[in-house]
Amino acid sequence: MSITDPLFQHHKHCDKIFADAEDACANGDWAAGEQAFTLLRDQLETHFTSEEELLFPAFEQATGMTSGPTEVMRGEHRQMRDLLAQMQDAVASRDGDAFGGAAETLLILMQQHNMKEENILYPMCDNALGASDVGASLVERLNAS
Amino acid sequence: MHASLSFDQAPPISVPYRFFIAAPWFGVMAGLLLALSGDAALASRWTPEALALTHLVGVGFMLQAMCGALFQFIPVAVGGNVWSPKLVANTVQPMLLLATLLLVAGLLFSRPVLLSFAVPLFLLSLGGFVVVVALALWQTPATGMTLWSMRMAIGALAVTVLLGSLLAEALAHGLALPIIDLTNVHLAWGLGAWALMLLAGVSYHVVPMFQLTRPYPLWFTHWFGPVLLLLVIAWSSRLLLDEAWWTLAIALPLLTILSVYAGMTLWLQYTRRRKVHDATSIYFRVAMLAMLAFAVSGAVFLSYPEFGNDPRATVWLGVLAFAGVFVSAITGMMYKIAPFLNWLHLQRLGAPMNAVPNMKKMIPAEAMTGQLRLHVLAVLLLLAAVWQPGLARLAGIAFAASCAWLGWNLIGAARRYRSFRDQIREVVLRC
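Same order as they appear, the protein sequences are chains A and B. The numbers in our numbering rise by one with no breaks, and the one at position 128 of the first sequence is 385. The numbers in our numbering rise by one with no breaks, and the one at position 127 of the second sequence is 130.
Derived by calculation from the structure, the hints in this document are not laboratory data. Yeah, the Cβ is synthetic: ideal placement off N, Cα and C, and Gly gets one too.
Rough simulated footprint, nothing fancy, chain B against chain A, three-plus residues with beta-carbon under 8 Å:
| # | region |
| --- | --- |
| 1 | 268–278 |
| 2 | 333–341 |
| 3 | 349–359 |
Straight line, CA to CA, 27 Å or less: simulated DSS-like cross-link-like pairs of lysine-lysine:
| # | chain 1 | residue 1 | chain 2 | residue 2 |
| --- | --- | --- | --- | --- |
| 4 | B | 364 | A | 273 |
| 5 | B | 363 | A | 273 |
| 6 | B | 278 | A | 273 |
| 7 | B | 278 | B | 364 |
Could you build all of it, start to finish, from the sequences and the hints given here?
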């Protein structure tokens, strides 16, 4: 298993929760939707902070690349947090249209973000951090959530 | 190696948009041409009208949209750094527009001189495009079968353009070449090794991405592209070995891999995690059903020559491939890409995030589903018109109307981008 494999798996885990939240809210089942959305928000937050506090600093230290891909990824994390906040407001006000619009936007942003990480950044991290203990720390952080 | 990594380099929004906005209007021209020509246009694939229709859709609609999508997709999906995208798009696209119109007019009115004018424009515009895209695709540090599919596809585009240019010159100057065989090879490279290769490579990403399906199996993504390329190369060898058994030995595996790709995509969609439907997901299903229909029809035509030898059999396959598969898949993609581009570029203006409208505010869902229904009706009418020529004019009008509606939806998305952009700039100034 590579260092970033747990993050890759966690992307799929978040996809599933996203689908549950979107489906419930689209069908007006706000109780289930709120529960799934809260889980999604917490899981994504854990994912973002795991990368921002563990993976990215280790990668930046190993490669000296501080203003490249990791900076872009941090920026996209900010955008996704903002969209999650919009979804939170929509859940609170039971606004299906607002939730659906923000969810659609989050999905595409999240997927193209994951695509860049999985295809480009994670392989670079695996190459740069092969001998480090970052992988174990990531597993611990993700499992604790 | 890292210097070529392009991570946050979505091109200016005008780059993909100028291609997307132009594409549907070639579909409108194709529909109107069919409406004006009537049943004669679909009698065989070799009528001037049918050749013009083929290139209006294949070059005017499909190639325009695919070029625009590549500018956007290469940086995001494979981290490729397209050199000066705005300059390249601003140069390539007008030349491509003019070349397409000259080619279509030359074919339609049998004016060789127009074909001669079109050839250098195609070679310059698409030659430049191929070089720039190939450099981006070969310099990226990314890996994976989407990247390899795109590399094979862009190479195939170069072969298609060279063969097309040779054919146009042969028609213009009366060169003694096997025109029909060369046309079949040109078509195989254009529809198979370029368009289908690119569609498959892109779908490895976008089907799981947009619809939260499981990924395509690794064995499939590793084999589909190379096998497709080998089969197209083998098909090209028919220029030298034109035997019925050899044609069958290539065509049957080709139809089989088409069925596997379409069937697998439908299965992935059927078992997807995301339950919410939208125009894009339905458009993709339409495209894959059309591909299955193409494969089944092709097998029937091969097995029963009394059907396959009818000139209308090839027209039927052409309608399924051009209108059923590619126009559907490309339209579905544009309905997802254009709203996301609007949002992506608007949120970069620096306004508070809640001031940026979400993707669903960019093209009304009802407008997309309405256009989708009209497109499906148009494809069904086109298919019916192949065997019931009296329907050709109606089919042409329906296809023109559905493409015009698509064009209007995309223009609406661009106008909404401008309007939201101006509103956001005011908010930013006030802050």
